[in-house]
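Peer 1: Line by line, the protein sequences are chains V and R. The first sequence begins at 34 in my numbering and counts up one residue at a time. The second sequence begins at 33 in my numbering and counts up one residue at a time.
By construction, these hints were calculated from the structure, which means they are not laboratory data. A virtual CB, placed ideally from N, CA and C, is assigned to each residue, including glycine. Among these hints, one or two may not hold up.
[As the list claims (entries may be wrong)] A few chain V residues facing chain R, derived, Cβ under 10 Å:
1) Q37
2) I40
3) L48
4) A54
5) R56
6) V73
7) R112
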Amino acid sequence: MTSQELIMRAGDYVLGLMDEADRARAERDMTIDPEFREAVWSLAQRLEVLDRSAPFEPVSDTLWSRIEAATAGTSQQTRLELVQSDMAASGTPLTAPDRHGVLGLRRPMSGFFRGARGTALAATMLAACALGYVVGQASVTARDPEVVVVLLNEEDVPGALVEAYGDDRVRILPLTDFDVPAGKVLEVWTLYDAAVGPVSLGTMSSSREAVLSGPDLPTPRPDQLYEITLEDAPRSPAGRPLGPILVKGLAVSPPR
Amino acid sequence: MDDCDSLMRRVANGDRSALAAIFDLEAARLVAIAKRIVRRRELAEDVVQEAFVTIWRKAALFDHERGAARAWMTTIVRHRALNLIRDGSRLDFHDADQLATLGDRAADADAAYADLPETEDLKRCLDQLEPERRRSIVMAYVVGFSHGEIAAHLGAPVGTVKAWIRRGVASLKECLS
Numbered sequence: 034m035t036s037q038e039l040i041m042r043a044g045d046y047v048l049g050l051m052d053e054a055d056r057a058r059a060e061r062d063m064t065i066d067p068e069f070r071e072a073v074w075s076l077a078q079r080l081e082v083l084d085r086s087a088p089f090e091p092v093s094d095t096l097w098s099r100i101e102a103a104t105a106g107t108s109q110q111t112r113l114e115l116v117q118s119d120m121a122a123s124g125t126p127l128t129a130p131d132r133h134g135v136l137g138l139r140r141p142m143s144g145f146f147r148g149a150r151g152t153a154l155a156a157t158m159l160a161a162c163a164l165g166y167v168v169g170q171a172s173v174t175a176r177d178p179e180v181v182v183v184l185l186n187e188e189d190v191p192g193a194l195v196e197a198y199g200d201d202r203v204r205i206l207p208l209t210d211f212d213v214p215a216g217k218v219l220e221v222w223t224l225y226d227a228a229v230g231p232v233s234l235g236t237m238s239s240s241r242e243a244v245l246s247g248p249d250l251p252t253p254r255p256d257q258l259y260e261i262t263l264e265d266a267p268r269s270p271a272g273r274p275l276g277p278i279l280v281k282g283l284a285v286s287p288p289r
Numbered sequence: 033m034d035d036c037d038s039l040m041r042r043v044a045n046g047d048r049s050a051l052a053a054i055f056d057l058e059a060a061r062l063v064a065i066a067k068r069i070v071r072r073r074e075l076a077e078d079v080v081q082e083a084f085v086t087i088w089r090k091a092a093l094f095d096h097e098r099g100a101a102r103a104w105m106t107t108i109v110r111h112r113a114l115n116l117i118r119d120g121s122r123l124d125f126h127d128a129d130q131l132a133t134l135g136d137r138a139a140d141a142d143a144a145y146a147d148l149p150e151t152e153d154l155k156r157c158l159d160q161l162e163p164e165r166r167r168s169i170v171m172a173y174v175v176g177f178s179h180g181e182i183a184a185h186l187g188a189p190v191g192t193v194k195a196w197i198r199r200g201v202a203s204l205k206e207c208l209s
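Please put together the full structure from these sequences, using the hints given.
Peer 2: In C-alpha cells, the structure reads:
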C-alpha cells in the first residue's frame, strides 16, 4: 500500500465511512502497523478542531452513576486479549496452538508438539495465521518484511510478534507484558548460522513495541531462529545469551 | 502529554477514580459530539455511556497507542454514534422527518466549518480544497453523513463522493504536515 493509500484509508476510518468489516480490519492493523496507527491518530487529532463548535450540552446528573454501574460488572481486558480479539474480529485469529484452537487437537496428542520441534511447528502454524495481516489486501506497507516470527513462551503462548526486514531492521510487537526488573533489559537475538552462534539484534528496556536497527546480517530467511532473553543492562556482556529465554520462534516468509 | 493521556494510563491499570476524572473533563464534550450525530440528547448520553464502558474495557489498548487519549475517546464515541444511526431501528424517523433532518444536519456541518477560527491550520487547509471535497469531508466528520447521504445532499453519484473524500483527505494531510 502506498503512503497515499494508507492516508486515504486512515481518512475513511476517522471519518466513520467504513462498514463493520473494514473497521474491524482497520483496528487490527492499528494494533500491528505503527505507520497506519500514526496516520489515523494524527488525522483524528487534526480534525478535533471541528468538535469545538459543537453546542455545549449539559450532562445529566445520573450519567456518571450509570457508567459506574455498567463498568462495575465489566472486567478490563489485557493487551494480549485485545490483540487476539482484534485479530479474531477481522478474520485472522491468533490463537495459541497446542491447546484447542488452531491445530484442532485434543490434549492427548498435544505432547507431540512439545519440545524444540513442537515449538517450531507451533510457531509456523501461528505465523501462518498471523500472516493475514501482512498479506491482507489493505495492509501491506510500502516495504514488506522478509520474514515474520511469532515468538512463543515455554507454554507455547505467543509473547511477541517479530517482523524482520531486508535492511536489517527488526520490528518487535510484544503481545504480553514481560517483567523487566530494574537493571535488566530484553535482548533480541537471531541465529542465522549455527557456526556463528546467536547474534544480538539489540535491546529493549520495556515491553513496548520497538524497531531495532540490527547489525549488518544476511537477509533473514525462513526457519531462522529468533529469541528474546532477559539480560543485565545494558546488554549481555558476553555477546551471547546468558539470561533466561523468555520467548522464541522460527521465521516464516510471508507469501507474496 | 496532556492530562487525559496520564489519566488513561491509570485507567489501564484499573484505577476507577481516573476514569471518573476523565468523565469530569470530557463528558460534556463527548455528549456534544455524539449529539451532532444522533440528534437527541438522551441518545447521545447512551452513546457516551457505552463508549465509557468500552474505554474502561480496552484501556490497555490505548496505552499501546501512545498519547492520543482524547482522539481515541472521540473516535470510540463517533463510531458508537454512527452504529446507532446506521442501525436505524432505534431512531424511527418518518420519511418527511428524515428529509428535514438531512437538511438540518448538513446545515450544522456547514456551520461547524464556518465557525473554525481563521488562525487554525485545519481551516486554512480545508479552504484550499475544492468546495465539494471540503463539504463532503466536513459532513462526514461533523454530523456523520454516510457516502449515500452526502451523495443525496450534493446530488452526486456515490462513487464520485467516495473519490472526493479520499482525494480530499490526501490533500488535507499534505497541507497539514
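Peer 1: Work down the list of hints and note, for each, if the structure agrees.
Peer 2: Now for the hints, and whether the structure bears them out:
no.	hint	result
1	Q37	6 Å, holds
2	I40	5 Å, holds
3	L48	4 Å, holds
4	A54	13 Å, violated
5	R56	7 Å, holds
6	V73	8 Å, holds
7	R112	5 Å, holds
This entry does not satisfy hint 4, going by the numbered hints stated previously; all others are met.
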